[in-house]
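Residue numbers (this note's numbering), protein chains in the order written: chain P, 1 to 189; chain C, 1 to 612.
It should be emphasised that the hints constitute simulated quantities derived from the structure, not laboratory data. We put the beta carbon where it would ideally sit given N, CA and C, even for glycine. The reader is advised that the hints may include incorrect statements.
Restraint ranges, calculated between C-beta atoms of paired labels, are given here [claimed, not checked]: (1) C/228 <-> P/99: 53 to 61 Å; (2) P/61 <-> C/190: 53 to 61 Å; (3) C/87 <-> P/139: 30 to 38 Å; (4) P/33 <-> C/325: 51 to 59 Å; (5) P/39 <-> C/435: 26 to 34 Å; (6) P/157 <-> C/35: 51 to 59 Å; (7) C/104 <-> P/67: 22 to 30 Å; (8) P/139 <-> C/434: 19 to 27 Å; (9) P/157 <-> C/435: 17 to 25 Å; (10) P/126 <-> C/105: 34 to 42 Å; (11) C/104 <-> P/114: 35 to 43 Å; (12) P/127 <-> C/325: 20 to 28 Å.
DSS-like mimics (lysine-lysine), calculated; alpha carbons at most 27 Å apart, straight line [what the hints assert, rightly or not]: (13) C/92 <-> C/313; (14) C/570 <-> C/65; (15) C/65 <-> P/59; (16) C/556 <-> C/313; (17) C/310 <-> C/261; (18) C/92 <-> P/84.
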Amino acid sequence: MLLSRRDAIRGLTFTFGVAATGFAGRALAAAPALAWTPTALTPDQARLVDVVAELIIPKTDTPGARDAGVPQFVDRALADYYNKAQADRLRAGLARMDADARAAHGDVFVTLTPKQQTELLNGYDREASAMQGQASDDDHFFPLLEDLVTVGYFTSEPGATVALRYDPVPGAYHGCVPLAELGRGWATR
Amino acid sequence: MNGFAEVGVALRGSGRDSIKGAKRGADMANLNGRARQKNTYDAIVVGSGITGGWAAKELTQKGLKTLVLERGPMVRHLEDYPTATMDPWQTKYPRGQLPPDELNAHYPVQKRTGYTLTEYTRHFFVRDDQNPYTEESRYDWIRGYHVGGRSLTWGRQSYRHSPIDFEANAREGIGVDWPIRYEDLAPWYDHVERFIGVSGQAEGLPQLPDGQYQPPMEMNCVEKAFKAKSEARFPERRITMGRTAHLTDPTEEQLALGRTKCQYRNMCIRGCPFGGYYSSNSGGLVAAERTGNLVIRPGSIVTSLIYDEKAGKATGVRILDATTRQEEEFYADVVFLCASAFNSAWIMMNSTSSRFPNGFGNGSDQLGRNVMDHHLGVGASGEAPEFADMYYSGRRPNGIYVPRFRNLGDAATKRDDYLRGFGYQGGASRPGWDRDLTRPDRETSAPRGFGAARKAALSQPGPWVMGLGGFGEILPYEDNRITLNRDKTDEFGLPTLTMNVTIRENELAMRRDMQTAAAEMLEAAGFRNVRGYDGGYAPGLGIHEMGTARMGRDPKTSVLNAHNQVHECKNVYVTDGAAMTSASCVNPSLTYMALTARAADHAVQARKRGDL
Ligand SMILES: Cc1cc2nc3c(=O)[nH]c(=O)nc-3n(C[C@H](O)[C@H](O)[C@H](O)COP(=O)(O)OP(=O)(O)OC[C@H]3O[C@@H](n4cnc5c(N)ncnc54)[C@H](O)[C@@H]3O)c2cc1C
Ligand code: SF4
Chain P
1 MLLSRRDAIR GLTFTFGVAA TGFAGRALAA APALAWTPTA LTPDQARLVD
51 VVAELIIPKT DTPGARDAGV PQFVDRALAD YYNKAQADRL RAGLARMDAD
101 ARAAHGDVFV TLTPKQQTEL LNGYDREASA MQGQASDDDH FFPLLEDLVT
151 VGYFTSEPGA TVALRYDPVP GAYHGCVPLA ELGRGWATR
Chain C
1 MNGFAEVGVA LRGSGRDSIK GAKRGADMAN LNGRARQKNT YDAIVVGSGI
51 TGGWAAKELT QKGLKTLVLE RGPMVRHLED YPTATMDPWQ TKYPRGQLPP
101 DELNAHYPVQ KRTGYTLTEY TRHFFVRDDQ NPYTEESRYD WIRGYHVGGR
151 SLTWGRQSYR HSPIDFEANA REGIGVDWPI RYEDLAPWYD HVERFIGVSG
201 QAEGLPQLPD GQYQPPMEMN CVEKAFKAKS EARFPERRIT MGRTAHLTDP
251 TEEQLALGRT KCQYRNMCIR GCPFGGYYSS NSGGLVAAER TGNLVIRPGS
301 IVTSLIYDEK AGKATGVRIL DATTRQEEEF YADVVFLCAS AFNSAWIMMN
351 STSSRFPNGF GNGSDQLGRN VMDHHLGVGA SGEAPEFADM YYSGRRPNGI
401 YVPRFRNLGD AATKRDDYLR GFGYQGGASR PGWDRDLTRP DRETSAPRGF
451 GAARKAALSQ PGPWVMGLGG FGEILPYEDN RITLNRDKTD EFGLPTLTMN
501 VTIRENELAM RRDMQTAAAE MLEAAGFRNV RGYDGGYAPG LGIHEMGTAR
551 MGRDPKTSVL NAHNQVHECK NVYVTDGAAM TSASCVNPSL TYMALTARAA
601 DHAVQARKRG DL
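My request is simple: use the sequences and hints to build the entire structure.
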């Protein structure tokens, strides 16, 4: 089963035309080729972030994380913003996701089915919330990644202006407006 | 007095070469008569922040050729607000927050407020590693060194001190008596409010005198309901709209300065492209410049006052040019210290002579003592029981205000456990998309989930939350003090400050009440999950440092007289927070401005009479 799927995916890599970039022998499942070049993430990690970000904020009636450039945002945060401890935690988390995927399903995270991927993420979410409020709260990688993806999405132009409402110059304050008239939350306060 | 323009810098337009004139001055090791004349003005103002801007405006409008010396770089209104119109997606860092490593390395103090220092505002705050001081006790000295000072980044809340504030010290035997009363300052409050523009609601309360207000901003549904229900239960706890230095109905004068109506963006701290809120840069300095009497010299660190023993007065100030590191002297008939409470005290402590071995005008030994601030970080919050279908539009740069309701002089409001009182600032809002981000205070440990459902939920506003945060009066304690440390110097080789400031029993007892009373009000109004909190307070966090050269009636126990003149040297005026004899519980800058305008008027008259 597993083997044949991997083989099928290996075949796919050629249709995406990225076999030459070092992914030969690896799978790409639902992840399309990266249209950008990561700086802080390795190409494998970038592909993983791309898939996980879209699972956290999927495309619905509004754009998803991928369309909003969130994977690039995560890459930038890793390059410019995070300190070493945070960067290490995030990278270790990415490594763990692939290790867990391998242990459970025999291949890296991006090759799994969406259902399998979701199950793994649910596990991390439960683990992290069990740790919430404890001293080690900060130590779980998943909230770190989820926070970053959430911030990246809702501060992106599509996130702020399509998923939310954004008005750079409101001009006035109205203190009691039916929510139905506005429809969505404001992007900034 | 020709030729001074070359030293100065126009606030708008061309003339970015302020330093040229400075270099030229510095090259003349021996100041000859001509050079001395070239560096001579009618008045010198040290600092260009909230009070320096006012001193400059009043002195120049009253005809004095005035030199403003500012230690930091030029910030021109509109031109030098590089982040004012940035959209959220244009930041380099997530949410515009600076990287933890950068904060720790360069801003270990400025980061302590948790909200002021960001990628959007970094250029308006000092780098702590370049501006060191010693904390014998923790002191959060939040500041910005540039033209405009903290008038660019202030919260703009603007309240008057009341008659009871000016009488309290005398009545209770605390510190020294104010040498002035409310009536002395009232016309100057009027004058300041008319110029800066304050939006607010008159309430007719003796403990919070009304002023000259433009129309108040609007309360939202939850605040209106809170007001109705809480006031029904606690009528003495008035709930009013915050009084704030924003234009809601600009005057001709304000429009002529290029300022317009507030646009409800709430990005004020980056500088306002509309001139919607008051800053020196958009207001006082522009008015001063238009008189033709203003010269402003950025990059000029005033290090000391020059005292003429024979004449018995100050003849000017010494500066260190921040770029060339050359010393230079400037002369004037009158000097206004407006460098902010700690920096004006620092200049005075650093100005020693045989007449003033212990610091300028410090015969009383009160210089640097009686440091006050407002203690905060305590209050309550709760969830609104209704209005789930209502929201708001626009970002109101203001909240609601609950004027002081304790110890007003009658039996009903008297507290046995502490003196003075506090006010609340607060407001209701619906939390946004960032409400479930990981934080220590996150209330639930349920998994957050991810995916389409969470995305949809975060795209809607969260449940209404109302908060009340107290601002409490701190008493003047002589041993709450800053001192000059000549052993530890900064990058310019200048002495630094040592802080020794703590809050005491009176403040701690008040904090307990601040928490309880806020929770009571929210509960009375039917709010759910009401939680009192005391998140702790470190001196300085109120960003209202004051008291270091207090006004008083007696030169033996105070540094300044009733007109903000140094008792021992009448042609030096100190009009920033240093002058404060007591703190009240209201935000102080409006009072600093009123004191400054009043002192400037006095100086102009006294100079005319030949009294300086
Ligand atoms: C985030 C924030 C929120 C605030 N909110 C409010 C509020 O809502 N209401 C309120 O009333 N107040 C508020 N404040 C406080 C308010 O900003 C200060 O009270 C006010 O700016 C003090 O005015 P100032 O002129 O004394 O000092 P500043 O405005 O700090 O200006 C002092 C100037 O002097 C210059 N200077 C210092 N030393 C020297 C020297 N040796 N030589 C030459 N120049 C020198 C500095 O560079 C600076 O430009 C807030 C402050 C901050 C930071
Ligand atoms: S809220 Fe008003 S004052 Fe503040 S930045 Fe916007 S327009 Fe300017």
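Consistency of the hints with the structure:
| no. | hint | result |
| --- | --- | --- |
| 1 | C/228 <-> P/99: 53 to 61 Å | holds (59 Å) |
| 2 | P/61 <-> C/190: 53 to 61 Å | holds (55 Å) |
| 3 | C/87 <-> P/139: 30 to 38 Å | holds (34 Å) |
| 4 | P/33 <-> C/325: 51 to 59 Å | holds (56 Å) |
| 5 | P/39 <-> C/435: 26 to 34 Å | holds (31 Å) |
| 6 | P/157 <-> C/35: 51 to 59 Å | holds (57 Å) |
| 7 | C/104 <-> P/67: 22 to 30 Å | violated (35 Å) |
| 8 | P/139 <-> C/434: 19 to 27 Å | holds (22 Å) |
| 9 | P/157 <-> C/435: 17 to 25 Å | holds (21 Å) |
| 10 | P/126 <-> C/105: 34 to 42 Å | holds (37 Å) |
| 11 | C/104 <-> P/114: 35 to 43 Å | holds (40 Å) |
| 12 | P/127 <-> C/325: 20 to 28 Å | violated (57 Å) |
| 13 | C/92 <-> C/313 | violated (52 Å) |
| 14 | C/570 <-> C/65 | holds (19 Å) |
| 15 | C/65 <-> P/59 | violated (64 Å) |
| 16 | C/556 <-> C/313 | holds (19 Å) |
| 17 | C/310 <-> C/261 | violated (53 Å) |
| 18 | C/92 <-> P/84 | holds (18 Å) |
The structure does not agree with the numbered hints 7, 12, 13, 15, 17 stated previously, though it agrees with the rest.
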